[in-house]
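Colleague: Sequence:
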Amino acid sequence: NYSDFNAKYEYAVNHSTPIGAILPFAGTVKAIPKGWKLCNGDYIDIKGHEALFNVIGYNWGKSSDEKFRLPDLQGYFLRGVSGDSGRDPDIDVRTPNGVGVKNEVGSYQKDELKSHTHSILFENKRNNWDGGPNVKNQAFEGGSNTSASGGNETRPKNAYVNYIIRVN
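Residues 3 to 170, numbered by the working numbering, are exactly what the sequence shown covers, in order.
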(Lines of atoms letter the chains of each structure in order from A; the text may use other names.)
(Lines give C-alpha, C1' and ligand atoms only; values in the text may rest on other atoms or scores of the structure.)
Protein backbone atom coordinates (compact mmCIF):
# COMPACT_ATOMS: atom_id res chain seq x y z
CA ASN A 3 0.00 0.00 0.00
CA TYR A 4 1.51 3.28 -1.15
CA SER A 5 0.19 5.42 1.74
CA ASP A 6 1.68 3.01 4.32
CA PHE A 7 5.00 3.09 2.53
CA ASN A 8 4.92 6.86 2.30
CA ALA A 9 4.13 7.21 6.02
CA LYS A 10 6.97 4.84 6.96
CA TYR A 11 9.33 6.69 4.60
CA GLU A 12 8.43 10.09 6.10
CA TYR A 13 8.86 8.71 9.61
CA ALA A 14 12.28 7.26 8.79
CA VAL A 15 13.51 10.44 7.09
CA ASN A 16 12.25 12.74 9.82
CA HIS A 17 13.63 10.65 12.67
CA SER A 18 17.08 9.98 11.21
CA THR A 19 17.84 13.48 9.91
CA PRO A 20 18.70 16.30 12.32
CA ILE A 21 16.69 19.52 12.36
CA GLY A 22 18.52 22.07 10.22
CA ALA A 23 19.83 19.45 7.78
CA ILE A 24 19.75 20.60 4.17
CA LEU A 25 19.21 18.05 1.44
CA PRO A 26 19.01 18.19 -2.33
CA PHE A 27 15.48 17.06 -3.17
CA ALA A 28 14.59 15.64 -6.58
CA GLY A 29 10.87 16.31 -6.15
CA THR A 30 8.89 19.41 -6.96
CA VAL A 31 7.99 22.07 -4.40
CA LYS A 32 4.53 20.51 -4.09
CA ALA A 33 6.10 17.19 -3.05
CA ILE A 34 8.24 18.48 -0.15
CA PRO A 35 7.67 16.13 2.82
CA LYS A 36 6.05 17.23 6.07
CA GLY A 37 8.54 18.75 8.49
CA TRP A 38 10.66 20.21 5.67
CA LYS A 39 10.65 23.58 3.89
CA LEU A 40 12.11 24.87 0.67
CA CYS A 41 15.38 26.80 1.08
CA ASN A 42 13.97 29.93 -0.57
CA GLY A 43 14.79 32.64 1.98
CA ASP A 44 11.35 32.82 3.60
CA TYR A 45 11.14 34.42 7.03
CA ILE A 46 9.43 32.27 9.65
CA ASP A 47 8.32 32.74 13.24
CA ILE A 48 10.53 31.49 16.02
CA LYS A 49 7.41 30.31 17.83
CA GLY A 50 6.64 26.86 16.52
CA HIS A 51 10.16 26.51 15.07
CA GLU A 52 12.25 26.83 18.24
CA ALA A 53 14.36 23.76 17.48
CA LEU A 54 15.32 25.07 14.05
CA PHE A 55 16.01 28.55 15.42
CA ASN A 56 18.32 26.99 18.04
CA VAL A 57 20.29 25.43 15.18
CA ILE A 58 20.48 28.24 12.58
CA GLY A 59 19.54 31.36 14.55
CA TYR A 60 19.83 34.52 12.48
CA ASN A 61 22.71 33.20 10.33
CA TRP A 62 20.63 33.61 7.19
CA GLY A 63 18.96 36.86 8.18
CA LYS A 64 16.50 38.54 10.53
CA SER A 65 13.37 40.53 9.77
CA SER A 66 12.34 43.72 11.53
CA ASP A 67 9.64 41.78 13.39
CA GLU A 68 12.17 39.27 14.83
CA LYS A 69 11.45 36.43 12.38
CA PHE A 70 14.41 34.38 11.25
CA ARG A 71 15.24 33.57 7.68
CA LEU A 72 15.54 30.20 6.03
CA PRO A 73 18.55 29.78 3.74
CA ASP A 74 17.94 30.97 0.17
CA LEU A 75 19.86 28.44 -1.90
CA GLN A 76 18.04 28.97 -5.17
CA GLY A 77 20.63 29.09 -7.95
CA TYR A 78 23.60 28.50 -5.60
CA PHE A 79 26.23 25.81 -5.41
CA LEU A 80 27.01 24.93 -1.81
CA ARG A 81 30.49 25.21 -0.30
CA GLY A 82 31.71 23.95 3.05
CA VAL A 83 32.79 26.56 5.62
CA SER A 84 36.52 27.13 5.15
CA GLY A 85 37.24 27.50 8.86
CA ASP A 86 41.00 27.35 9.40
CA SER A 87 41.67 25.25 6.27
CA GLY A 88 42.92 28.15 4.13
CA ARG A 89 40.99 26.79 1.13
CA ASP A 90 39.03 30.00 0.48
CA PRO A 91 41.52 32.63 -0.73
CA ASP A 92 38.79 35.30 -0.75
CA ILE A 93 37.46 34.73 2.77
CA ASP A 94 37.97 38.38 3.70
CA VAL A 95 35.73 39.64 0.89
CA ARG A 96 32.83 37.23 1.44
CA THR A 97 29.47 38.81 2.16
CA PRO A 98 28.89 38.15 5.88
CA ASN A 99 26.02 36.05 7.16
CA GLY A 100 23.01 37.47 9.01
CA VAL A 101 25.00 38.02 12.20
CA GLY A 102 27.97 39.68 10.46
CA VAL A 103 30.41 36.75 10.27
CA LYS A 104 32.25 36.00 7.00
CA ASN A 105 33.82 32.63 7.85
CA GLU A 106 30.61 30.89 8.92
CA VAL A 107 27.41 29.30 7.67
CA GLY A 108 25.20 31.78 5.82
CA SER A 109 27.95 33.91 4.25
CA TYR A 110 28.21 33.88 0.48
CA GLN A 111 30.22 34.95 -2.55
CA LYS A 112 29.13 36.20 -5.94
CA ASP A 113 30.28 34.34 -9.00
CA GLU A 114 33.75 35.06 -10.31
CA LEU A 115 36.23 33.82 -12.88
CA LYS A 116 39.79 33.49 -11.60
CA SER A 117 41.93 36.33 -12.93
CA HIS A 118 43.86 35.32 -16.02
CA THR A 119 45.06 36.63 -19.39
CA HIS A 120 45.68 35.23 -22.84
CA SER A 121 48.42 36.92 -24.83
CA ILE A 122 49.25 36.68 -28.49
CA LEU A 123 52.78 37.65 -29.45
CA PHE A 124 53.83 37.92 -33.04
CA GLU A 125 56.69 39.05 -35.19
CA ASN A 126 56.29 40.07 -38.79
CA LYS A 127 59.29 40.58 -41.07
CA ARG A 128 59.03 41.99 -44.52
CA ASN A 129 61.39 43.21 -47.19
CA ASN A 130 60.86 46.73 -48.49
CA TRP A 131 62.48 48.01 -51.62
CA ASP A 132 63.52 51.63 -51.18
CA GLY A 133 63.21 52.43 -54.91
CA GLY A 134 66.98 52.25 -55.38
CA PRO A 135 69.47 49.45 -55.20
CA ASN A 136 68.72 48.58 -51.53
CA VAL A 137 66.23 46.20 -49.96
CA LYS A 138 65.54 46.95 -46.31
CA ASN A 139 64.52 44.30 -43.82
CA GLN A 140 61.95 45.72 -41.46
CA ALA A 141 60.71 43.90 -38.42
CA PHE A 142 57.51 44.62 -36.58
CA GLU A 143 56.91 43.20 -33.14
CA GLY A 144 53.77 43.58 -31.13
CA GLY A 145 51.11 41.89 -29.17
CA SER A 146 47.41 41.66 -28.67
CA ASN A 147 44.81 40.01 -26.48
CA THR A 148 42.26 37.48 -27.52
CA SER A 149 38.64 38.49 -27.87
CA ALA A 150 36.17 37.45 -25.18
CA SER A 151 34.59 34.04 -25.41
CA GLY A 152 32.36 31.96 -23.20
CA GLY A 153 29.02 32.34 -21.49
CA ASN A 154 27.49 34.38 -18.70
CA GLU A 155 29.08 32.49 -15.79
CA THR A 156 31.82 30.03 -14.85
CA ARG A 157 30.23 26.78 -13.72
CA PRO A 158 30.58 23.00 -13.83
CA LYS A 159 27.96 20.86 -15.52
CA ASN A 160 24.93 20.87 -13.27
CA ALA A 161 21.36 19.73 -12.75
CA TYR A 162 18.58 21.47 -10.85
CA VAL A 163 17.33 20.19 -7.49
CA ASN A 164 15.30 21.83 -4.76
CA TYR A 165 17.26 22.30 -1.56
CA ILE A 166 15.08 21.62 1.46
CA ILE A 167 15.71 22.05 5.19
CA ARG A 168 14.29 20.00 8.02
CA VAL A 169 12.34 22.40 10.24
CA ASN A 170 10.69 20.04 12.76
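If you're looking for bench data, these hints aren't it; they were derived computationally from the structure. Computed from a predicted structure; not experimentally measured. Here a beta-carbon is modelled for each residue, glycine too, at the ideal position from N, C-alpha and C. Just to be clear, a hint being listed does not mean it is correct.
Stated by the list, open to error - Derived pair list, reagent style DSS-like, types lysine-lysine, alpha-carbon separation capped at 27 Å: (1) Lys64 - Lys104; (2) Lys69 - Lys112; (3) Lys116 - Lys159; (4) Lys39 - Lys49; (5) Lys49 - Lys32; (6) Lys116 - Lys69; (7) Lys64 - Lys39; (8) Lys36 - Lys69; (9) Lys49 - Lys69; (10) Lys69 - Lys32; (11) Lys116 - Lys39; (12) Lys112 - Lys39; (13) Lys39 - Lys69; (14) Lys49 - Lys64.
To be verified - Pair by pair, the computed Cβ-Cβ distance ranges are: (15) Gly22 - Gln111: 46 to 56 Å; (16) Ser87 - Thr19: 17 to 27 Å; (17) Gly102 - Tyr13: 21 to 31 Å; (18) Ile48 - His118: 43 to 53 Å; (19) Val83 - Ile48: 22 to 32 Å; (20) Ala53 - Ser117: 36 to 46 Å; (21) Pro35 - Asn147: 48 to 58 Å; (22) Pro26 - His120: 33 to 43 Å; (23) Thr148 - Lys10: 55 to 65 Å; (24) Val103 - Pro20: 27 to 37 Å; (25) Thr19 - Ser121: 45 to 55 Å; (26) Val103 - Asn147: 31 to 41 Å.
Colleague: It remains to establish, for every hint, whether it holds in the given structure.
Modeller: Hint check results:
1. Lys64 - Lys104: holds, 16 Å
2. Lys69 - Lys112: OK: Lys69 and Lys112 at ~25 Å, within 27 Å.
3. Lys116 - Lys159: The hint holds at about 18 Å.
4. Lys39 - Lys49: With a Cα-Cα distance of about 16 Å, the restraint between Lys39 and Lys49 holds, given a limit of 27 Å.
5. Lys49 - Lys32: Holds: Lys49 and Lys32 sit about 24 Å apart, inside 27 Å.
6. Lys116 - Lys69: violated, 37 Å
7. Lys64 - Lys39: Holds, at roughly 17 Å.
8. Lys36 - Lys69: holds, 21 Å
9. Lys49 - Lys69: Since the Cα atoms of Lys49 and Lys69 sit roughly 9 Å apart, the hinted pair holds (cutoff 27 Å).
10. Lys69 - Lys32: holds, 24 Å
11. Lys116 - Lys39: With Cα atoms ~34 Å apart, Lys116 and Lys39 exceed 27 Å; violated.
12. Lys112 - Lys39: holds, 24 Å
13. Lys39 - Lys69: The hint holds at about 15 Å.
14. Lys49 - Lys64: holds, 14 Å
15. Gly22 - Gln111: 46 to 56 Å: violated, 22 Å
16. Ser87 - Thr19: 17 to 27 Å: Holds - the Cβ-Cβ distance for Ser87 and Thr19, about 26 Å, lies within 17 to 27 Å.
17. Gly102 - Tyr13: 21 to 31 Å: violated, 39 Å
18. Ile48 - His118: 43 to 53 Å: Cβ of Ile48 to Cβ of His118: about 46 Å, so the range 43 to 53 Å holds.
19. Val83 - Ile48: 22 to 32 Å: holds, 24 Å
20. Ala53 - Ser117: 36 to 46 Å: Because 44 Å falls inside the window, the suggested range holds.
21. Pro35 - Asn147: 48 to 58 Å: Hint holds: Cβ distance 52 Å, inside 48 to 58 Å.
22. Pro26 - His120: 33 to 43 Å: Since the Cβ atoms of Pro26 and His120 sit about 36 Å apart, the hinted range of 33 to 43 Å holds.
23. Thr148 - Lys10: 55 to 65 Å: For Lys10 against Thr148, whose Cβ atoms are near 59 Å apart, the range 55 to 65 Å holds.
24. Val103 - Pro20: 27 to 37 Å: violated, 22 Å
25. Thr19 - Ser121: 45 to 55 Å: Between Thr19 and Ser121, where Cβ atoms are some 52 Å apart, the hint holds.
26. Val103 - Asn147: 31 to 41 Å: At 39 Å between Cβs, range holds.
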